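Novice: Mapping of the sequence shown onto the numbering used here: position 57 corresponds to residue 261, and the numbering continues sequentially without gaps.
Some hints here could point you the wrong way.
Stated by the list, open to error - Label pairs and their computed distance ranges (CB to CB):
{"id": "1", "residue 1": "ASP268", "residue 2": "ILE314", "range": "28 to 34 Å"}
{"id": "2", "residue 1": "VAL265", "residue 2": "ALA309", "range": "18 to 24 Å"}
{"id": "3", "residue 1": "ARG328", "residue 2": "ASP305", "range": "31 to 37 Å"}
{"id": "4", "residue 1": "GLY292", "residue 2": "ASN255", "range": "19 to 25 Å"}
{"id": "5", "residue 1": "ASN240", "residue 2": "ASN208", "range": "18 to 24 Å"}
Think of the hints as simulated: they come from the structure by calculation, not from any bench. The model shown is predicted, which means the values in this text are computed figures rather than measured ones. Where a beta carbon is used, it is the ideal one built from N, C-alpha and C, also for glycine.
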Amino acid sequence: MLRNELIIDLNLEQGGNRVSQFQPPMSVWAHYFCVNVYGPLPTFTLTDCKNGAAPEVRPVVQHDHNWTVEVSDAELPRPAILRLCKTGVDQYDYWVYRPADPEFAYVNWILDTYPNPLKGTELRRWVII
Numbered sequence: 205m206l207r208n209e210l211i212i213d214l215n216l217e218q219g220g221n222r223v224s225q226f227q228p229p230m231s232v233w234a235h236y237f238c239v240n241v242y243g244p245l246p247t248f249t250l251t252d253c254k255n256g257a258a259p260e261v262r263p264v265v266q267h268d269h270n271w272t273v274e275v276s277d278a279e280l281p282r283p284a285i286l287r288l289c290k291t292g293v294d295q296y297d298y299w300v301y302r303p304a305d306p307e308f309a310y311v312n313w314i315l316d317t318y319p320n321p322l323k324g325t326e327l328r329r330w331v332i333i
């Protein structure tokens with residue numbers, strides 16, 4: 205079964221002045237994005253489907269012990285939930301949901317309800333479906 209969607213809480217990834225940098229846990233890089241931790245980092249094509257924006261090409265960037273990718277609609281406020289859908293090799297459609305969005309309650313419910321056998325001890329909620 206192809207599992208092509210990731211739903212994950214957005215937090216203050218790199219601090220208040222760089223809020224559009226998305227920094228998922230390493231288990232997400234390995235299991236959802238299929239990034240080889242010892243290989244070259246990929247470049248993603250990201251399409252903001254909620255706002256109808258043109259696709260953006262974004263490199264994955266290493267910062268010390270973690271990796272980030274810029275997601276245009278990931279700015280404040282929080283809480284916010286990111287939904288990614290894989291559409292091709294290193295290509296993803298995405299939506300950022302906030303409490304005022306009708307979809308927020310549903311994706312929040314998914315994060316609270318769906319089991320995630322891949323999640324370690326990190327507190328951040330995420331699931332691949």
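Novice: Please go over all the hints and tell whether each is borne out by the structure.
Specialist: Hints, one by one, checked against the model:
Between ASP268 and ILE314 the beta carbon distance is about 31 Å. The supplied range of 28 to 34 Å therefore holds. Taking 18 to 24 Å as the suggested C-beta distance range, the pair VAL265 and ALA309 does not conform, at roughly 33 Å. Checked against the given bound of 31 to 37 Å, the beta carbons of ARG328 and ASP305, roughly 20 Å apart, lie outside it. For GLY292 and ASN255, the Cβ-Cβ distance of about 20 Å falls inside the hinted range of 19 to 25 Å, so the restraint holds.
Taken as a hint, the range 18 to 24 Å holds for the pair ASN240 and ASN208, whose Cβ atoms sit roughly 19 Å apart.
Hint check: violations occur at hints 2 and 3; the rest are consistent with the structure.
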